[in-house]
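Novice: Residue-level listing of the chains:
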Amino acid sequence: MGSIGAKEVPVLLSPEGRRIDGRRLDELRALKITAGALHEADGSAYVEWGANKVMAAVYGPREVHPRHLQQNNKAIVQCRYNMAAFSVDERKRPGLDRRSQEISKVISEAFESVIFAEEYPRTSIDVYIEVLQANAGTRCAGIVAASVALADAGIPMVDLLPAVAVGKVAGEIALDLKKEEDNFGEADLPMALVPQSGRLVLLQMEGHMTAPELARALELGVRGCRSIYETMKQALRERYATGTGAEPQGAA
Amino acid sequence: MRPGPGTYRVDGRIYASILGLLQRRPPLVRIVPLSGRYIPKPRDVVVGTVTDVQGTFWLLDIGAPRWTPLHMTGTPWKIDFGETEQYLHVGDAVVVAVESIEATGRIGVTMLGEGLGKLEGGTIATISPAKVPRVIGRSGSMIRTITTLTGCKVVVGQNGRVWVDGPAEGIIRVRECLRLIEEEGQRSGLTERIQAYLDSTSSPGSTHEHRSHVLEEIPHTSGPSREEEVRVPPPADDTEPARPGEGSEEEGGPDPAPGDDY
Amino acid sequence: MTDEVAAEILTTHILDLARSGRRLDGRGTDDYREVKVEPGFVATADGSALTTIGTTKVVCGVKLESGKPFPDTPNAGVLTTNAELVPLSSPTFEPGPPHPRAIEVSRVVDRAIRAAETIDLTRLCVTPGEKSWVCYVDLHVIDHSGNIIDAALLAALGALTHATVPAKRFGVRDADYPLEVQHLPVECTFVRLGDTIVVDPSFDEEQAAQGRLTVATDELGNVVAMQKGLIGAFSPEDITSIVDRALRHGERLRALARGSAP
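Protein sequence lines, in the order shown, are assigned to chains A, B and C.
Position one of the first sequence corresponds to residue 65 (this note's numbering), numbered consecutively onward.
Position one of the second sequence corresponds to residue -15 (this note's numbering), numbered consecutively onward.
Position one of the third sequence corresponds to residue 94 (this note's numbering), numbered consecutively onward.
Think of the hints as simulated: they come from the structure by calculation, not from any bench.
The reader is advised that the hints may include incorrect statements.
The calculated lysine-lysine pairs, modelled on DSS-like cross-linking and capped at a C-alpha distance of 27 angstroms, are [as the list claims (entries may be wrong)]:
id: 1; chain 1: A; residue 1: 243; chain 2: A; residue 2: 96
id: 2; chain 1: B; residue 1: 137; chain 2: A; residue 2: 138
id: 3; chain 1: A; residue 1: 96; chain 2: C; residue 2: 261
id: 4; chain 1: B; residue 1: 137; chain 2: B; residue 2: 115
id: 5; chain 1: A; residue 1: 243; chain 2: C; residue 2: 261
All chains should be modelled from the sequences, with the hints used to inform the complete structure.
Specialist: Put into structure tokens, the structure is as follows:
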């Protein structure tokens, strides 16, 4: 193993194919989802994913603010992705910077691609994502939290929206990068999958990948999303567990 | 099988579009929601709050996606233009019935009908609209238990707003019952637990005397669409939660539906 | 925004109950909801805590950075408190620049910490006039069910008492060391409901309140900060009795903030 003394670039991949935290290339970080984590929201979820901590809440469908954004034939989906000042190592100035605004936009569009918005014309479905602790992949953690929150809020959708980032570390395509891998890796490719159709509704990319590497990354990401999807469904099942299950309700 | 409420069909397969309980009632497959805001349906009786007064109508908050206009012609009062503010003020509570939902999302309500009108006195509690069938119970059994044992009048709006009037102690106990239903509405034996809670908090000897005259006619139990939900809880094997996108075939084995005509 | 016209009958009911010393959620006038302070909630902060009062939740993250003392206090470090009432936490909060409500929360918390000398700011000075620590106290309200001021200060104390000065990272010393905390002020908020004054208001009680008074006290029995808010008034006698009650609640809350059992 390389010494930590090589300060600029830590050893991201061991000769045995293990990553900085011991994961294999196709392995996800630990993911814990709590549906219905908040009291005031119409729907909510809390996600701990690796060292990410993200809270999401949904309000609506409700009246549109500001009103001029209202659409006559469908609901609008307004997502706001925000990072708490203390969520990163260097304190972040409160408020939405350009990065947060861009992420908010692509997440809004991803959800508008799966929500049956035409069921609620002239309303707004407001999705709020608060990153409380960040460690790479916060937009994907935010999408996962928001998607569970949307289901918890009873919003009609084509499907839940699992999301994950694939990257390239030490020349290898790797699933779900953590911070060091993101900082020193060669590429980052966040995506969100509609499991029902097998299509991607969020896709960004930064870095260098060959076409074959990209194909491998997409394959790995889709598989990762399918695994995350199961965790999301399980979280919703737990929230609405019927207790003893088989017992008929209200039999008397 | 055909796609009912809470589902959609793609390539002959039926999928859930909302989180809920799968219910097969041939020829329909539907998902009964477990959560979410109130989504109005015609004939629903709802409890609302006046949020604005205009020349010919009031705007109501009934917890629906849109604010809801109550037009002055939908009231028992003879009102001229501009007199609306003499009848209902911002903050007043009313019981109204949903008449229509337009394609624009506009919700039409009326105050004309039995049990509808302005609410005087009492208080308002809220519960998840998805839990309303539990508050009412099979053929109104739960709400009858609650009103009888607390001595309170109760109007349960389909929108999860509940009007309660009666002795202060009784109102507190009704609120506690609603809280228990909100938290434990999915578990079995709810009626027994509510009964046990009410028995444990009753002042000895008083409840039986109250029983005869506190039972109020509850306007919302008359709607046939609701009766069905209340009276017939989904059979146990049909109550596994379904998530959006989940094909109903996967839940219950081979489905005769794929490709079926409407 | 939507939803936020309180039903008049609910307000009236809250006031009626208060007259006989009762509350909507069954509490007595001097009952505080369950309080939890969970330090170390956020690993990216130098100190942090999640505070829960009933279902109200506030996260605080403390960060220390190397900076410069203000010219008028060359021997002292800098303390900055900021509160975010993010729209995730309540249907009444909108996105946008900080609302005066958020600024009030941050300033009231800041005053208590400053006046009680929770942090000896001179100990945060590294080189007089040139180099000092800047201590950021960032408050993030994530679920607003009433009384966010008390929750915010408790979160701030939970975060400060467990904070580490990142001296190694900023090359100030060879090793990080715990932030020195002297006094722990706690805030206790009351609202007037008619002639009754209740502690730890819920969201509905704040809506119905005829005045709010927050009193910060320290472990020596001093009052170190106060804030009267909302529309309404208090007599000097009211204030004296509120201060007595605040001192009593203060001891228990302080123990919770410190992380020791009350």
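Novice: Decide, hint by hint, whether the structure agrees.
Specialist: Outcome of the hint check:
no.	hint	verdict
1	A:243 <-> A:96	holds (18 angstroms)
2	B:137 <-> A:138	violated (39 angstroms)
3	A:96 <-> C:261	violated (33 angstroms)
4	B:137 <-> B:115	holds (19 angstroms)
5	A:243 <-> C:261	holds (21 angstroms)
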